[in-house]
Amino acid sequence: EAGVTQFPSHSVIEKGQTVTLRCDPISGHDNLYWYRRVMGKEIKFLLHFVKESKQDESGMPNNRFLAERTGGTYSTLKVQPAELEDSGVYFCASSQDIGLAAADYNEQFFGPGTRLTVL
Amino acid sequence: AQSVTQLGSHVSVSEGALVLLRCNYSSSVPPYLFWYVQYPNQGLQLLLKYTSAATLVKGINGFEAEFKKSETSFHLTKPSAHMSDAAEYFCAVTPRDNNDMRFGAGTRLTVKP
Chain A
182 EAGVTQFPSH
192 SVIEKGQTVT
202 LRCDPISGHD
212 NLYWYRRVMG
222 KEIKFLLHFV
232 KESKQDESGM
242 PNNRFLAERT
252 GGTYSTLKVQ
262 PAELEDSGVY
272 FCASSQDIGL
282 AAADYNEQFF
292 GPGTRLTVL
Chain B
3 AQSVTQLGSH
13 VSVSEGALVL
23 LRCNYSSSVP
33 PYLFWYVQYP
43 NQGLQLLLKY
53 TSAATLVKGI
63 NGFEAEFKKS
73 ETSFHLTKPS
83 AHMSDAAEYF
93 CAVTPRDNND
103 MRFGAGTRLT
113 VKP
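Chains as they are written, first to last, in this note's numbering: chain A, 182 to 300; chain B, 3 to 115.
Simulated from the structure, these hints should not be mistaken for laboratory data. Even for Gly, the Cβ is constructed at its ideal location relative to N, Cα and C. Certain hints may be false.
A few chain A positions that, by computed beta-carbon distances, are all more than 10 Å from chain B [claimed, not checked]:
id: 1; residue: Thr199
id: 2; residue: Asp205
id: 3; residue: Ser208
id: 4; residue: Ile224
id: 5; residue: Lys232
id: 6; residue: Ser234
id: 7; residue: Leu247
Below, simulated BS3-like cross-link-like pairs (lysine-lysine); rule was C-alpha separation at most 27 Å, straight line [stated by the list, open to error]:
id: 8; chain 1: A; residue 1: Lys259; chain 2: A; residue 2: Lys222
id: 9; chain 1: A; residue 1: Lys259; chain 2: A; residue 2: Lys225
id: 10; chain 1: A; residue 1: Lys235; chain 2: A; residue 2: Lys222
id: 11; chain 1: A; residue 1: Lys235; chain 2: A; residue 2: Lys225
id: 12; chain 1: B; residue 1: Lys114; chain 2: B; residue 2: Lys60
id: 13; chain 1: A; residue 1: Lys225; chain 2: B; residue 2: Lys71
id: 14; chain 1: A; residue 1: Lys259; chain 2: A; residue 2: Lys196
id: 15; chain 1: A; residue 1: Lys225; chain 2: B; residue 2: Lys70
id: 16; chain 1: A; residue 1: Lys259; chain 2: B; residue 2: Lys51
id: 17; chain 1: A; residue 1: Lys222; chain 2: B; residue 2: Lys70
id: 18; chain 1: B; residue 1: Lys60; chain 2: B; residue 2: Lys70
id: 19; chain 1: A; residue 1: Lys225; chain 2: A; residue 2: Lys196
id: 20; chain 1: B; residue 1: Lys71; chain 2: B; residue 2: Lys60
id: 21; chain 1: B; residue 1: Lys51; chain 2: B; residue 2: Lys71
id: 22; chain 1: A; residue 1: Lys259; chain 2: A; residue 2: Lys232
id: 23; chain 1: B; residue 1: Lys51; chain 2: A; residue 2: Lys232
id: 24; chain 1: A; residue 1: Lys222; chain 2: B; residue 2: Lys114
id: 25; chain 1: A; residue 1: Lys232; chain 2: A; residue 2: Lys196
id: 26; chain 1: A; residue 1: Lys225; chain 2: B; residue 2: Lys51
id: 27; chain 1: A; residue 1: Lys259; chain 2: A; residue 2: Lys235
id: 28; chain 1: B; residue 1: Lys51; chain 2: B; residue 2: Lys70
Selected chain B positions facing chain A (Cβ under 8 Å, derived; list incomplete) [what the hints assert, rightly or not]:
id: 29; residue: Gly45
id: 30; residue: Leu46
id: 31; residue: Leu48
id: 32; residue: Leu50
id: 33; residue: Ala88
id: 34; residue: Phe92
id: 35; residue: Asp102
id: 36; residue: Arg104
id: 37; residue: Phe105
id: 38; residue: Gly106
id: 39; residue: Ala107
The following block holds chain B by itself, in its conformation from the complex (with noise of 0.2 Å):
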């Protein structure tokens, strides 16, 4: 059965700062790997996503992960952070012979002025 790791449920960051949420999968075959976002009071939105293409993927707002499977990490980081980044951030995972999608517990980012 596969299952992802988020560590830390909260992250602050200052204006500016690098952003780095931590996400690691547990699957016995590469799967499919997901960030999403949700913004208060608003559904889940995809910010990207890794499908065995290129490992270090871009997404919406600025942000990207980079598939490692030797450490099966799917790390996101955005270089400069932006106070609209204030948002719930959940990590995702499926096999790739279906969509039964199962997630992280979720980390929750601050952007401090």
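Next up, chain A with everything else stripped away, as it sits in the complex (with noise of 0.2 Å):
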């Protein structure tokens, strides 16, 4: 079974310009997690999207970021225009519905990022 997977998996863009991040959970994951971990800082969470609504979008950072995941499948990320703070590693990651397994916890499967460089 494929693992969470993101592409790029890395992107150099100047300042000011606009990229895209793209995120394909694992099969039949409902929930889409987005994280950031801004250089030699803690990994920072972003936003969650349940199918195709998002649950909880408290750690997006301002609205340069939009976040999309239509039809509920593959998500997008994109930074417009970008800054040089914008610069770091993004994570997806996703899991199954929780109320499936209410006992137990649902794991959250990471892909391996996306490095992202504002010069």
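Quick one: dock chain against chain with the hints and give me the complex.
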């Protein structure tokens, strides 16, 4: 079974440009999460989708970031316009519906991340 | 709000020595706790998790962690370090009623020959 995949693996752009990151979750996983790790800092939660709906977007830094999950399958995270402080590694994770295994935790499976560098 | 603190951004041990990576959490109720490992150029891999069963949790690659409520700690240990253990390790916490995970800053483990 394929794991969580992310594209691209690396992206180098100039300040002011637009970048779109893509995440393909594990098939059948309703929950999709975005996280970001700025150099040397902790991995921070950005937002959580349940199917196509945003369950929690409290971690989104500002309105330059737009996440979508049309159809409840893959998700995109667009940064427009990119700023220097947006550089970091963006991780995506997916998990099954919590209700399917209420007695236990539903593990989040992480993708390899996209390393974004804004020059 | 929950949070975790990892003490020591870098830990260096000799091959064969004990590995101890520290994690303390802050939560109003006992949460779920996790250790993840990230090898170079790879994604995060779950090492082990505490979800309210046994307080001593055994994970992959010989790692284990003990949940100590009185100390609000979930330290990761391995009796004997191997060169292949060199990686970055993250402690994480989620509340019991949702999956929103909060991570520590990470500890980079170096293993010297």
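We went through each hint and held it up to the structure:
1. Thr199: About 25 Å separates threonine 199(A) from the closest Cβ of chain B, which puts it past 10 Å; holds.
2. Asp205: holds, 13 Å
3. Ser208: holds, 17 Å
4. Ile224: violated, 4 Å
5. Lys232: Given that every Cβ of chain B is farther than 10 Å from that of lysine 232(A), nearest at about 14 Å, it holds.
6. Ser234: Serine 234(A) clear of chain B: closest Cβ-Cβ about 14 Å, beyond 10 Å.
7. Leu247: holds, 20 Å
8. Lys259(A) with Lys222(A): Cα-Cα ~22 Å, so holds.
9. Lys259(A) with Lys225(A): holds, 17 Å
10. Lys235(A) with Lys222(A): Roughly 25 Å between the alpha carbons, so the hint for lysine 235(A) and lysine 222(A) holds.
11. Lys235(A) with Lys225(A): holds, 17 Å
12. Lys114(B) with Lys60(B): holds, 24 Å
13. Lys225(A) with Lys71(B): Measuring from Cα to Cα gives roughly 25 Å; hence the hint holds.
14. Lys259(A) with Lys196(A): holds, 14 Å
15. Lys225(A) with Lys70(B): holds, 25 Å
16. Lys259(A) with Lys51(B): Violated. Lysine 259(A) to lysine 51(B) sits at ~32 Å, over the 27 Å cutoff.
17. Lys222(A) with Lys70(B): Holds, because 26 Å separates the two Cα atoms, which is no more than 27 Å.
18. Lys60(B) with Lys70(B): Status holds; Cα separation ~15 Å.
19. Lys225(A) with Lys196(A): holds, 22 Å
20. Lys71(B) with Lys60(B): Status holds; Cα separation ~17 Å.
21. Lys51(B) with Lys71(B): holds, 15 Å
22. Lys259(A) with Lys232(A): Holds - the C-alpha atoms of lysine 232(A) and lysine 259(A) are around 18 Å apart, at most 27 Å.
23. Lys51(B) with Lys232(A): holds, 25 Å
24. Lys222(A) with Lys114(B): holds, 25 Å
25. Lys232(A) with Lys196(A): Judged against 27 Å, a Cα distance of about 32 Å means the pair is violated.
26. Lys225(A) with Lys51(B): holds, 19 Å
27. Lys259(A) with Lys235(A): The given pair, whose Cα atoms are some 15 Å apart, holds under the 27 Å limit.
28. Lys51(B) with Lys70(B): holds, 14 Å
29. Gly45: Hint on glycine 45(B): holds, closest Cβ of chain A at ~4 Å, below 8 Å.
30. Leu46: Since the shortest Cβ distance to chain A is 4 Å, the answer is holds.
31. Leu48: holds, 6 Å
32. Leu50: At about 11 Å, which exceeds the 8 Å cut-off, the nearest Cβ of chain A leaves the hint on leucine 50(B) violated.
33. Ala88: violated, 18 Å
34. Phe92: holds, 6 Å
35. Asp102: With a minimum Cβ separation of about 6 Å from chain A (threshold 8 Å), the hint on aspartate 102(B) holds.
36. Arg104: holds, 7 Å
37. Phe105: With a closest approach of 4 Å, the phenylalanine 105(B) hint holds.
38. Gly106: At 6 Å from the nearest chain A Cβ, glycine 106(B) passes the 8 Å test, so the hint holds.
39. Ala107: Holds, because the Cβ-Cβ distance from alanine 107(B) to chain A comes to roughly 4 Å (cut-off 8 Å).
Violation of the numbered hints given earlier is confined to hints 4, 16, 25, 32, 33; the remaining hints are satisfied by the structure.
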